[in-house]
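Q: Listed below are the residues making up each chain.
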Amino acid sequence: ETGVTQTPRHLVMGMTNKKSLKCEQHLGHNAMYWYKQSAKKPLELMFVYNFKEQTENNSVPSRFSPECPNSSHLFLHLHTLQPEDSALYLCASSQATGSNQPQHFGDGTRLSIL
Amino acid sequence: EDQVTQSPEALRLQEGESSSLNCSYTVSGLRGLFWYRQDPGKGPEFLFTLYSAGEEKEKERLKATLTKKESFLHITAPKPEDSATYLCAVQAPYGQNFVFGPGTRLSVLP
Numbered sequence: 001e002t003g004v005t006q007t008p009r010h011l012v013m014g015m016t017n018k019k020s021l022k023c024e025q026h027l028g029h030n031a032m033y034w035y036k037q038s039a040k041k042p043l044e045l046m047f048v049y050n051f052k053e054q055t056e057n058n059s060v061p062s063r064f065s066p067e068c069p070n071s072s073h074l075f076l077h078l079h080t081l082q083p084e085d086s087a088l089y090l091c092a093s094s095q096a097t098g099s100n101q102p103q104h105f106g107d108g109t110r111l112s113i114l
Numbered sequence: 001e002d003q004v005t006q007s008p009e010a011l012r013l014q015e016g017e018s019s020s021l022n023c024s025y026t027v028s029g030l031r032g033l034f035w036y037r038q039d040p041g042k043g044p045e046f047l048f049t050l051y052s053a054g055e056e057k058e059k060e061r062l063k064a065t066l067t068k069k070e071s072f073l074h075i076t077a078p079k080p081e082d083s084a085t086y087l088c089a090v091q092a093p094y095g096q097n098f099v100f101g102p103g104t105r106l107s108v109l110p
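Chains as they are written, first to last, in the numbering used here: chain A, 1 to 114; chain B, 1 to 110.
Derived from the structure by calculation, the hints contain no laboratory data.
Nothing here was measured: the structure is a model prediction, and the numbers come from that model.
Cβ coordinates follow ideal geometry from the N, Cα and C atoms, glycine included.
Treat the hints with caution; some may be incorrect.
Unchecked claim - Covered stretches of chain A (in silico footprint by chain B; criterion: 3 or more residues with CB under 8 Å from a CB of chain B, positions within the stretch not fixed): (1) 41-54; (2) 92-106.
What the hints assert, rightly or not - Pulled from the structure, derived: some chain B residues nowhere near chain A, Cβ distances all over 10 Å: (3) E1; (4) Q14; (5) E45.
Put together the whole structure using the sequences plus the hints.
A: See the structure below:
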C-alpha cells in the first residue's frame, strides 16, 4: 500500500459509544496530523505529532484522545461525542513539522453521531 | 493572525472555458503556499507548492502563480473531470502548521 490510509471510511455511533479511528502512512514521514472538516468551514487542525511526540493540541475537547505509537500510525479515540462532532476526520502526514514540504492526506473517516 | 481567503466560493464553467481561482493570504512572511484538489468523499490531493513571489508551477491544464499577497490557479480549457473543490494553504515562517482557506468549488459542464 502507498500513501495515507484511514479506517474505517464511515462510522455511525451513539453519543455514549467509544470508538477509534486509525491512520497509517507508508511515505516514510515523521509528522502526522488530525484535521476536522465540516461543511462550509475550512479544515480545522486538531492535533500534531512529530517523531511520535505531540506538539500541538488545538484546544480540542477531551472527548477526543489521540495516540501515536510510532511515526507510521496515528489513532483518534472517541468517547461521549456530541452531535456537532459529526464531520469528516482527515489524517495527514509530512516529512516533519519543521519542513516546508506538503502534507499528504488520507481519504478520511465520515463520522456521524446519532 | 494568519488568514487565507479564496474566491469565488463556487464557479461554474463550460468545458473549454478558461478561468482563474484566487487565494489571498495575510501572513508575516511565507514559508510555502500549497494547492490541493479535493473530490467529494475523498481527502485533499496535493497539487503544487510555491515558495516565493514570481514562482509558477504547471501540471496539465493547471498553472499556479504566486505574488506577495495572493496566488492564482489558472485552469486552461477545463474538462468535466477537473470538477472538484480546490483548497489553498499557507505556512508561515515561524509556524509549523498550515492555515487552509475555505476552498473554491469548481464545476465544469460538458
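Q: Please name the hints from earlier in the document that this structure breaks, with their numbers sorted from lowest to highest.
A: Of the numbered hints given earlier, the structure breaks just one, which is hint 5.
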